[in-house]
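Colleague: Sequence:
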Amino acid sequence: MSIVKLYNKNYNTEEPQSLSIFLEDDKFPTELKFFKRLNYLRVRCKNKIQRIPDFIYDFPDLSFLDLSFNNISGNISSQFGKLKNLNTLILKSNNLTGAIPSSLSLLENLRNLDLSNNSLTGSIPDEMGELKRIWYMNLSNNNLSGEIPIEIYKLIEKNNLPYDAILSKNNFSFIIE
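Under the working numbering, the first residue of the sequence shown carries the number 1, and numbering increases by one thereafter.
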């Protein structure tokens, strides 16, 4: 992995494929959008990130994205469905609100999904049951409600996923024990 200082705009290295960055302020460096070969991106921020920049959804090779613990607010964008190679999406411990977008079901390679410890509302989309390759999913500690789709129960059983990590500390109206 190369270390690239984004703030000086002098890149004396190949375009990185893997980046872990710490932001001093609440803005993603716009220079990131030029790293089209990124396949791994982890971002931590000292302050609150206002929103996820749109260019994040334009990395065709991105397979790992961790934006956890950044106090990101707003909804989870349906644009995540464009990241076809994504196998890990970690958005835990932010201030995300709104519904889980059904477009996450388009992530056919997704194996790890962590949306825990946010303020997500609504029900789990039926389409989430289409995540056939998933082996870790955590939706706990949100404000999700409604009935749990039968497709999710089938996915839990088929992939031997832990019920409590997926379903605990929400407001579901029916849970099979």
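Treat the hints with caution; some may be incorrect.
Unchecked claim - 27 Å max Cα-Cα, derived BS3-like pairs, lysine-lysine: (1) Lys46 / Lys33; (2) Lys169 / Lys92; (3) Lys48 / Lys36; (4) Lys132 / Lys92; (5) Lys132 / Lys48; (6) Lys84 / Lys36; (7) Lys132 / Lys154; (8) Lys33 / Lys48; (9) Lys92 / Lys27; (10) Lys132 / Lys84; (11) Lys48 / Lys169; (12) Lys27 / Lys48; (13) Lys169 / Lys158; (14) Lys158 / Lys92; (15) Lys46 / Lys132; (16) Lys82 / Lys48; (17) Lys92 / Lys154; (18) Lys48 / Lys92; (19) Lys46 / Lys27; (20) Lys154 / Lys82.
To be verified - Here are the in silico distance ranges between beta carbons for each label pair: (21) Phe69 / Trp135: 20 to 28 Å; (22) Ser173 / Lys36: 22 to 30 Å; (23) Pro60 / Ser102: 18 to 26 Å; (24) Lys132 / Lys46: 14 to 22 Å; (25) Glu24 / Pro162: 18 to 26 Å; (26) Asp25 / Ser119: 37 to 45 Å; (27) Glu147 / Lys36: 28 to 36 Å; (28) Ser173 / Ser18: 13 to 21 Å; (29) Glu14 / Tyr57: 32 to 40 Å; (30) Asp26 / Lys158: 23 to 31 Å.
The hints are simulated quantities; they were obtained by calculation from the structure and are not laboratory data. Where is the CB? At the ideal position from N, CA and C, for every residue including glycine.
Colleague: Can you name, in rising order, the numbers of the hints this structure does not satisfy?
Modeller: Result: hints 5, 15, 22, 24, 25, 26, 27, 28, 29, 30 break, sorted rising.
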